[in-house]
Amino acid sequence: MKIIQVKELIILILLSVSLFFSSINSLPVLDRDEARYTQSSKQMIESNNYFSIKFQNEYRSKKPIGIYWLQAISVNLFTNINYLNNFKYEVLNDNIWKYRLISAGATFLSILFLYFFTNNLFQREVAFKSCLILAASLLVIAEAHIAKTDSVLLLLSTIIFITLFKYYTGYDNKSILHFFLLWGSLGISILIKGPLLLILLFLTVISIIFIEKDISWIKNSRPLLGILFVLIIGLPWFFLLSIEEQKNFIQESFFHDFLGKALIAQESHGAFPGFHTLGLWIFFSPFSLFFMPLINFIKTSYKRKKILFLICWFLPCLIVMEIIPTKLPHYILPVYPAISIIMGFLLSDIKKNESLFFNKLSYVGYFIYFLVSNALIIFLLKANQVYGEINFLSIIYYCLLLLLNNIVFIFIFKKQIRNAFYYLVFYSSIFSTIIYLLILPNLTLLWTSKNIAFLLEKNDYAENKNSIATIGYNEPSLIFEVGTQLKVFNNIESLIKNFRRFDYLLIEKDYYMEFNEIVKGEYLSYNVITNVKGYNASKGKWVAVYLLKKL
1 MKIIQVKELI
11 ILILLSVSLF
21 FSSINSLPVL
31 DRDEARYTQS
41 SKQMIESNNY
51 FSIKFQNEYR
61 SKKPIGIYWL
71 QAISVNLFTN
81 INYLNNFKYE
91 VLNDNIWKYR
101 LISAGATFLS
111 ILFLYFFTNN
121 LFQREVAFKS
131 CLILAASLLV
141 IAEAHIAKTD
151 SVLLLLSTII
161 FITLFKYYTG
171 YDNKSILHFF
181 LLWGSLGISI
191 LIKGPLLLIL
201 LFLTVISIIF
211 IEKDISWIKN
221 SRPLLGILFV
231 LIIGLPWFFL
241 LSIEEQKNFI
251 QESFFHDFLG
261 KALIAQESHG
271 AFPGFHTLGL
281 WIFFSPFSLF
291 FMPLINFIKT
301 SYKRKKILFL
311 ICWFLPCLIV
321 MEIIPTKLPH
331 YILPVYPAIS
341 IIMGFLLSDI
351 KKNESLFFNK
361 LSYVGYFIYF
371 LVSNALIIFL
381 LKANQVYGEI
391 NFLSIIYYCL
401 LLLLNNIVFI
411 FIFKKQIRNA
421 FYYLVFYSSI
431 FSTIIYLLIL
441 PNLTLLWTSK
451 NIAFLLEKND
461 YAENKNSIAT
471 IGYNEPSLIF
481 EVGTQLKVFN
491 NIESLIKNFR
501 RFDYLLIEKD
511 YYMEFNEIVK
521 GEYLSYNVIT
531 NVKGYNASKG
541 KWVAVYLLKK
551 L
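Under the numbering used here, the first residue of the sequence shown carries the number 1, and numbering increases by one thereafter.
Treat the hints with care, as some may be off.
Claimed, not checked - Per label pair, the in silico range of CB-to-CB distance:
1. Leu438 / Asn95: 12 to 22 Å
2. Phe180 / Thr79: 47 to 57 Å
3. Leu77 / Lys382: 16 to 26 Å
4. Pro236 / Asn95: 26 to 36 Å
5. Thr169 / Asn85: 32 to 42 Å
6. Lys414 / Asn93: 44 to 54 Å
7. Arg304 / Leu437: 26 to 36 Å
Said to hold, decoys possible - The calculated lysine-lysine pairs, modelled on DSS-like cross-linking and capped at a C-alpha distance of 25 Å, are:
8. Lys382 / Lys533
9. Lys414 / Lys487
10. Lys550 / Lys533
11. Lys382 / Lys305
Because the hints were derived from the structure by calculation, they are not lab data. Glycine is no exception: its CB is placed at the ideal position from the N, C-alpha and C atoms.
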């Protein structure tokens, strides 16, 4: 390996450690998806059953088993597991970072894979800049901090499509390694999120065949044998489930989650066509600064074989995701590497592409980025006012972010695009550090479950984790923070009937008045330890939860 490549690799490693690993423990578990994933992974360990996915007593069947296995492995490696009795176990010193480590690690491996496997496909500078762009993009950093499927899917997408690119360009297309990388990664992706990447692969292949009228290149990947290999990897776990779990998985994962999201907007996640395209201005930042030059570059370069493949990687996916009613920003994360590589091409030959950076359309793009990026910082400031506390130090943070955010325009006006690019990498690191270590942790009113768990720890709750119940506030994060045995009630009558079973009760204010009146009539007594106020972001409403101790 050349010295310059070693230097680039060191930069990528240090950048990844800074962006992905250094702050994965700064935030409590997030509602709702992350909490559901991590709680189900924890219950695998507690029950010593690694083939059944459950959230408390209900089957958790919206996604395949792969991510739960990975998280369970991480927790087993980095924490102590205590045997209780009757084949039940307890996770000691449980902490959310042990689950998030899979996402951070997968994102890190995505960067390394992209660097090593594209060095021979593109110019070295293209590979390096593509990796910097991908690593420093806002959504990539955010997903590296969340313990769910998307960062692992990013890694698999990078492996699959870069390997497919090698088949397309005829680069060592007889390699057995490439066969296993392509089809093995597709098989693993089935275990992580079902057929999503298989569908994206199909869209890419069909698009290229339609344009070039050539199928010889895909034949070199031995697709029939490859699909068989995918099925061998992706399906056996399903047949190890009980009949009841198989039926539940088909109903929840395929019909409700996969087809349901494709047909109707689910869980208030609907959005207008164009949401993902416009959202790139935020979620691909800070490199959305160069979107208008990128569009111009694609217009002038789409006939180049390498650029055509990258377009066929991201554009069909983007179109399909715009058509699907259910929309969330991370749905198009698997195509972020393609956008990053095209931008890497654009920025690796700035002299040749100079005119693309300095025209009317590009200046419009710079102005849009100015508005969006500064609006994002102001939005965070407003959120800090509502959900946290503004003090002199936090004002300094926001002023610093606003200042650093706009320095890049000095380089733009001086026509120093290379300096602007490297400055954006630097700014992304500073932005991420301030957001994840200083700002978000202090939005204390958002972390209601963590605040409740902290107050319980100050009492003797830890000595008897089977003695707590809740009504009105039952977010998945509460179950992860407090413990699997937390009993959730849906009506006051059932709670009163079982009152004597529990030492502690968590009662949301909407239920508290009725509960208080009934308890007095039943001559049951308790002490109110405290009242925890916060914002339930999942439901979009303020909550107040009373913490009671039975006398």
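Of all the hints numbered above, which does this structure not satisfy? Sort the numbers upward.
2, 3, 5, 7, 9 and 11
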